[in-house]
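Keeping the supplied structure of chain A fixed, place chain B upon it in accordance with the hints.
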Amino acid sequence: MGMSTAYYLTLQGKRVLILEAGIFGAGASGACDDMILFQSKKPGINLELAFESLELYHALNVDLKHDLGFENYGGMVLIKDQKELEIMEEFVQQQRMYGLDVVMLDEKEMRKRQPHISSRFIASTYSPMDAQIDPFHVMYGFFHVAKNLGLEYRKKTPVVGIEKQGNGDFRITTQSGEVFEATQVVNAAGTWAGEIAAMVGENVPITPKRGQIIITEKIPMVGETNLWSAEYLVSKLRPEVKTEISEEHKALGLGFAFTRSFGGNYLIGSTREYAGFDTRTTMEGVNAIVKQAVSYIPLLKDIHFIRAIAGLRPSTPDGKMILGEHPDVPGFYTASGHEGDGISLAPITGKLLSDMMCGAPSDSRLEELSPVRFAVVKGEQVQ
Amino acid sequence: MSDEVKDPKDVLICRCEEVTLREIEQAIDEGFDTVNDVKRITRAGMGLCQGRSCSKVIARIIAQRTGKNIEELLQNSYRYPVRPEKFKIFDEEESHE
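Respectively, the protein sequence lines represent chains A and B. With the first sequence counted from 1, adding 550 to any position gets you the working numbering. With the second sequence counted from 1, adding 989 to any position gets you the working numbering.
Bound-form chain A, shown alone:
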């Protein structure tokens, strides 16, 4: 979010300094899969913004003069029983009304596109829109152009203090004691955004949800599309419906995601765990992902996985990102809380935020994303 916002701000002629606590892509960008996924999104602001973000990616692929690794394999959500089928049919109908190009496939059509999946699946969805992009190349593309427009970038420079001064400007102190002054500050610290907001007395409630992913060796295409399971989606859409998910998998928040990355490796995930700020992979998590993958696509048993990664999704209490200025601290903005949609929504987030900061007319759709919804009344204890 930081790099995208910096890019759009420099385009509008702003002088931008990024203070990065770690290294390039050290947060969720470096630990995510690469999906611009539409099918997982409930109709509403997230789906709407994902459409706009995809348009921006098409433009960026040209404007950044850098290969972003954009691929458009489309995606299928695999369905294993009648109950899942009914719920997914209804969900697909809602998404279609919202403009998403998605259809249901019967078993025969499903197996035509995906001949290698387990015999237990009875149907699937299919959307040609699901796409993907390489997060490092996106960040690098933004960085390279923004740098030529004057962006200053400091890595390993954690911010330890932000103070609003009498003249309205901010005074930012880094761990090494350097001090910077700015008229506007963007809090794009991802999962750690709550910590930065607290420095100016604001409440940004972000809970880390850990995701573990395994990466395969380079292999030929497996079927025509990327794959997800309905099982996890259904458990989120209809928590009251009884599913056969084991307690262990529930605790791991295990869901199936199978995407071909820019380089020919597959990324297979993933978990959704509440593990605090712990970014380590676990044997339990890797084991569950591996076993699930083989049960979904049996031919994987002879394939190697070469790496396991983990990262933290920044989640919010209402599942929507936090985007905009904090009314009580004019000039202080937050862009965080995208949970699993960071890559999908990075361009549109940066574009909308830079427009806000440069005084563009306000967009009424964005009111529901404003940090004001979590503002704490003065005198109340921040949770």
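Here are the simulated lysine to any residue pairs, SDA-like style, with alpha carbons at most 20 Å apart: (1) K1075/B - Q842/A; (2) K1077/B - Y846/A; (3) K851/A - K1077/B; (4) K706/A - N1058/B; (5) K1075/B - H666/A; (6) K714/A - E745/A.
Keep in mind that the hints were calculated from the coordinates and are not lab data.
Same frame as chain A, but now just chain B:
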């Protein structure tokens, strides 16, 4: 030999991902001056061997080019899997129990 490298900058440092010395030096000159940074920009070390052979060479190139201490650049953490594993490994473990 027709495959002979004419320009020493075209020599492959990461053979799995086919990353040349030139690409690695360009990344370093842009400020990506750790093994991890170079990996993120060039894919060097992301391949089948996961940097087992090239990461030391890359650390040395960075040290030579930036004057950094080589000891600080060498990676000291490894995480599972330390080498490629077959997916069926977990099933086999259980059948031996």
